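Trainee: Sequence:
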Amino acid sequence: MTTIVIDCPLEEVAAYASNPDHAPEWYSNIDTAEWRTPKPLTLGSEVAFKANFLGRQLAYVYRIVEYIPNEKLVMSTADGPFPMETTYTWDKKSEQSTLMTLRNRGNPSGFSKFLAPFMVPAMKRANKKDLKKIKRILESR
Numbered sequence: 125m126t127t128i129v130i131d132c133p134l135e136e137v138a139a140y141a142s143n144p145d146h147a148p149e150w151y152s153n154i155d156t157a158e159w160r161t162p163k164p165l166t167l168g169s170e171v172a173f174k175a176n177f178l179g180r181q182l183a184y185v186y187r188i189v190e191y192i193p194n195e196k197l198v199m200s201t202a203d204g205p206f207p208m209e210t211t212y213t214w215d216k217k218s219e220q221s222t223l224m225t226l227r228n229r230g231n232p233s234g235f236s237k238f239l240a241p242f243m244v245p246a247m248k249r250a251n252k253k254d255l256k257k258i259k260r261i262l263e264s265r
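Heads up: the sequence shown at position 132 corresponds to 256 in the working numbering, and the numbers run straight through without jumps.
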């Protein structure tokens, strides 16, 4: 689990982060996000992502399995190289400040046994980098 405080109202942070169209802007490893179901985001929505991670090209589809606007978003792989779940939560620190949490859980079965031990530290580094980037983007608006 990785957290960051973003100096923007909760509603603005949650709206930006929960929109899959923005994912390639703030996730350094995500190249594309393509809706598989009609917009807007709702329970059961599916989005196909293409990403690079640890030198591998990944293609996977996330399904929205829990969505409480301005509070929590949980996405789980519906299709992809290994089971994975990503959770975002947002907590109001003040009228102009939001605590955002990013958590990834998964089973790296699609990676070789050699790469599997590097997955957790690599994910933590990537999550920190991505949260810093979303903070820069939102605070510079």
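Any given hint could turn out to be false.
Derived Cβ-Cβ restraints for the label pairs, each shown as a range [claimed, not checked]:
{"hint": "1", "residue 1": "THR156", "residue 2": "LYS253", "range": "15 to 23 Å"}
{"hint": "2", "residue 1": "LEU178", "residue 2": "SER221", "range": "31 to 39 Å"}
{"hint": "3", "residue 1": "GLU219", "residue 2": "GLN181", "range": "12 to 20 Å"}
{"hint": "4", "residue 1": "PRO148", "residue 2": "GLU263", "range": "28 to 36 Å"}
Just so you know, these hints were derived from the structure itself, not from any lab.
Fair warning: this is a prediction, and the values are worked out from it, not measured in the lab.
Backbone N, C-alpha and C define an ideal beta-carbon position, used for all residues, glycine too.
Trainee: Indicate whether the distance between the beta carbons of LEU178 and SER221 respects the range 31 to 39 Å.
Mentor: Distance hint for LEU178, SER221 holds at roughly 34 Å.
Trainee: Taking the CB of THR156 and the CB of LYS253, does the distance hold inside 15 to 23 Å?
Mentor: holds (19 Å)
Trainee: Measuring from beta carbon to beta carbon, are GLU219 and GLN181 in 12 to 20 Å?
Mentor: Given a distance of about 42 Å, which is not inside 12 to 20 Å, the answer is violated.
Trainee: The hint says 28 to 36 Å between PRO148 and GLU263; measuring C-beta to C-beta, is that right?
Mentor: Given range 28 to 36 Å: violated, Cβ gap about 19 Å.
Hint violations for this structure: numbers 3, 4, all remaining hints satisfied.
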